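A.B. asks: Model the placement of chain B on the given structure of chain A, informed by the hints.
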Amino acid sequence: MTVLDRVEGREKVTGTARYAFEYPVDGVAYAAAVQADVARGEVTAVDVLSARELPGVLAVLSCVDAPRLEPVPDGELALFQSARVSYRGQFVAAVAAETLETAREAARLVRVEYAPESADVVLRADHPGLYKPEKVNPAFPTDTEQGDPEGAFAASAVRVDATYRTPAEHNNPMEPHTTVARWNDDGSLTLWDSNQGATPVGETIAKVFGLGADQVHVVSPHVGGGFGSKGTPRPNAVLAAMLARAARRPVKFAVPRQQMFATTGYRTPTIQRIRLGADEDGRLNAIVHDVVEQTSTVREFAEQAATPTRVMYQAPNRRTSHRLVRLDVPTPSWMRAPGETPGMFALETAMDELAVAAGVDPVELRIRNEPDREPESGLPFSSRNLVACLREGADRFGWAGRDPAPGVRRTGRLLTGTGVAASTYPAYLRPSRATARAEPDGTYTVRLAAADIGTGARTALTLIAAEALKADAADVRVEIGASDLPGAPVAGGSGGTASWGTAVVRACEALAGRLNGGAVPPGGVEASADTTEEVKGREDYARHAFGAQFAEVAVDVDTGEVRVARMLGVFAAGRIVNAKTARSQFVGGMTMGLGMALMEESSMDERFGDFVNRDLAQYHVPVCADVRDVQADWIEESDPHLNPMGTKGIGEIGIVGAAAAIANAVHHATGVRVRELPITPARLLPRL
Amino acid sequence: MDSANFSGEAVPVHADITLRVNGRERALGVDTRASLLDVLREDLGLTGSKKGCDHGQCGACTVLLDGRRANSCLALAVAHDGADVVTVEGLAAEGELSPVQEAFIENDAFQCGYCTPGQLCSATAVLDEAARGWPSTVTADVSSDPVLDDAEISERMSGNLCRCGAYPGIVAAVRQAALRHRETAERTDA
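From first to last, the protein sequence lines stand for chains A and B.
The opening residue of the first sequence carries number 6 in my numbering; numbering runs sequentially from there.
The opening residue of the second sequence carries number 18 in my numbering; numbering runs sequentially from there.
For reference, chain A alone in the conformation it holds in the complex (with noise of 0.2 Å):
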């Protein structure tokens, strides 16, 4: 098993790995936001005297003069382009000024007076709003069936039927989402960016501009994070270009904390009923997952959180809905694993709950109903080892002769208890671009415009070039996180390391066929690929990683605090190319899984609208301690209708089915069934 070091890890422990803000440029000014303060409304006023007579202050935007854009699909990026506020916490207005301290003090001079309306702000599954969006994130159905599903539940033996909820969340990267802007000499814009992927952003902004594609250079070697939320160009980065077109010189800005909660994006919170059918020994008949979620006024986000049961169980009766309604909030937008996150928490625990009602031991009933090709589909798994996977963990975490009895392991003040849940999420591919360069002395370089968020995407690039051109990964070296380079796709969906490793093999593979074994001439020898045909015909699979998550909590009787003693999860992701960094990746998203369990909760205010915990002291999100035994570990599994790595995604999976894992331990401690996250002593002393 290949273990190399990050290959950037001397850089990001010397402090030297440049983030976007923190690029020297020239006349560089800094930028400060104002946010509205109703949740729906009109704007009829901007005063800007104050701020544009304070010394310093270059340029006042806001959205009564604002230079026009050209209009894109997501109206988060028309900033400043109407009047109309859609929820409390959108922008403005914005200045530039001559220092960071100058621009906040301009930006709270602006005076902006509003012709207030009464706003929606609150989810309810019996909203008079909800629809049936055409489809949901990104191009699923949004509505499938089979069989009678309602029949078909109504006549099981033992049956489930419940409501879970999960709330708001936010990504909350280390790094707010920041750009710096400048307009060069020859029209183009050069941003340093805070993204997910430098192409399809430089392909986004160019459009907002009225740019072509070439005219924008994204910079962005360096990510602090970004679990979805920068996945798309935000209004940062159009605040940054605008302001600096205005103040005629570079502007820098990074979102501040607290508005990012408004502005960045977040998970929408969801209301999920789940009906499972099953027979005396737990075997599935029906299966009915309806899912209720929010999106904003501005941009139609629907997350595909009961797709994932179209993939887990087999049941010859089932359904899946997803409902939205368009409140005065803020956009929601991806959060690690959208979709599969909130969705497998309401199967999951739901499955915990039918195994209660069954009888029937929780890793036992998963594997009784395994089905033997994708359920909806019908199509044949790539590759499915999810039973493996349960196995492995029962195995190591010490599964068997667990006393299914729940509340009655009490150790002084606290009750202790383990629970299982399935996780999933599919490995996709997309078309990707790539360059190899052979040097004489007898180095290469690959290139392409790959993000490197914390995935490990550089180290494991590395590797793959390594593989594929029969080289010593110190002798290769991949430059990736610049638009200038071979296009390439976002660093999303899981599917990053799969779509960037195929192009840089292929590229590899044309390298080495150039070369064929001769030496290098002195200019160097440099072969390019393009995977949209590759992508294209692909085989009809199902494709999709698996895994098994095993949770032991104890619970304070006294104070209703939950602690998390220990994880473990298996997971079976087609081959994993660098341990070191996959294993931190599957513990990152366990861990943020433990996070949603039992503290990250994103509250909206009804009467004023906007979230209320606007911080890292209000949003909790894991700490050191928090972390006692989170250890992940994996099965070998050999793929061949993958990619020529072999490989499925990894960053993503690791969140989903956390949560769930964490609940029904709670349930086996205690008893109490939290069908609503985060479990918190809130909500779970008063039912001890």
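Note that these hints are calculated values from the structure, not bench results.
Remember, it's a predicted structure, so these values are computed and weren't measured experimentally.
Built from N, CA and C at the ideal position, the CB exists for glycine as well.
There may be inaccurate statements among the hints.
Claimed, not checked - Subject to a maximum C-alpha distance of 25 Å in a straight line, what follows is the list of computed SDA-like cross-link-like pairs (lysine to any residue):
| # | chain 1 | residue 1 | chain 2 | residue 2 |
| --- | --- | --- | --- | --- |
| 1 | A | Lys212 | A | Pro491 |
| 2 | A | Lys585 | B | Pro116 |
| 3 | A | Lys585 | B | Arg197 |
Stated by the list, open to error - Covered stretches of chain A (in silico footprint by chain B; criterion: 3 or more residues with CB under 8 Å from a CB of chain B, positions within the stretch not fixed):
| # | stretch |
| --- | --- |
| 4 | 105-115 |
| 5 | 459-467 |
C.D. replies: Just chain B, lined up with the frame of chain A:
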């Protein structure tokens, strides 16, 4: 809040201060509103220290201020005239990585790397605090020298958020560095 009262009066006030940063004297004119973090990053070009929240909630800006770890985003630069500051850029003496830095790479104690400078400064201070015998809230016997086991390390490192979830690697790295630190100290004593 009535900001109109301030219009026209909110001119920046500058102050001349001296900082000793990573062993080097730096004379600076600073905006009295500027945080130490912004002065390090924007005026001195020391961008290793990161801004994650600007409110002392994430720890990404942690530096060693007069020998103790501090959130530089919560420190007004003007209030620290004459202070000694060590940032992540100052941890590797003459280009040689410190044991903490080495251990972070070896144990993959980071992913995106954005919290890492703060984690490294915190970890460096943790070793020192433990060596001085400072207890933490999980120290069972506060009268004896604390031993940096996993519980002590994770408690003492909990002021530094890592959204990538590299905590197991961070704990392993600090444990490894603590061991080397102790061995070095013992050798020196001997």
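A.B. asks: Hints first: check each against the structure and report whether it holds.
C.D. replies: Hint-by-hint comparison with the structure:
As the CA atoms of Lys212 of chain A and Pro491 of chain A are separated by approximately 19 Å, the hinted pair is consistent with the 25 Å bound. Using a Cα cut-off of 25 Å, the hinted pair Lys585 of chain A and Pro116 of chain B holds, with the two alpha carbons roughly 20 Å apart. A hinted pair counts as satisfied when its Cα atoms are at most 25 Å apart, and Lys585 of chain A with Arg197 of chain B qualifies at roughly 22 Å. As drawn, the stretch 105-115 of chain A meets chain B at 6 residues by the rule of a beta-carbon pair under 8 Å; at three or more, the given contact holds.
Figure legend: the stretch 459-467 of chain A, annotated as covered by chain B; annotation consistent (3 residues with Cβ-Cβ distances under 8 Å, at least 3 required).
Hint check: no violations occur; every hint is consistent with the structure.
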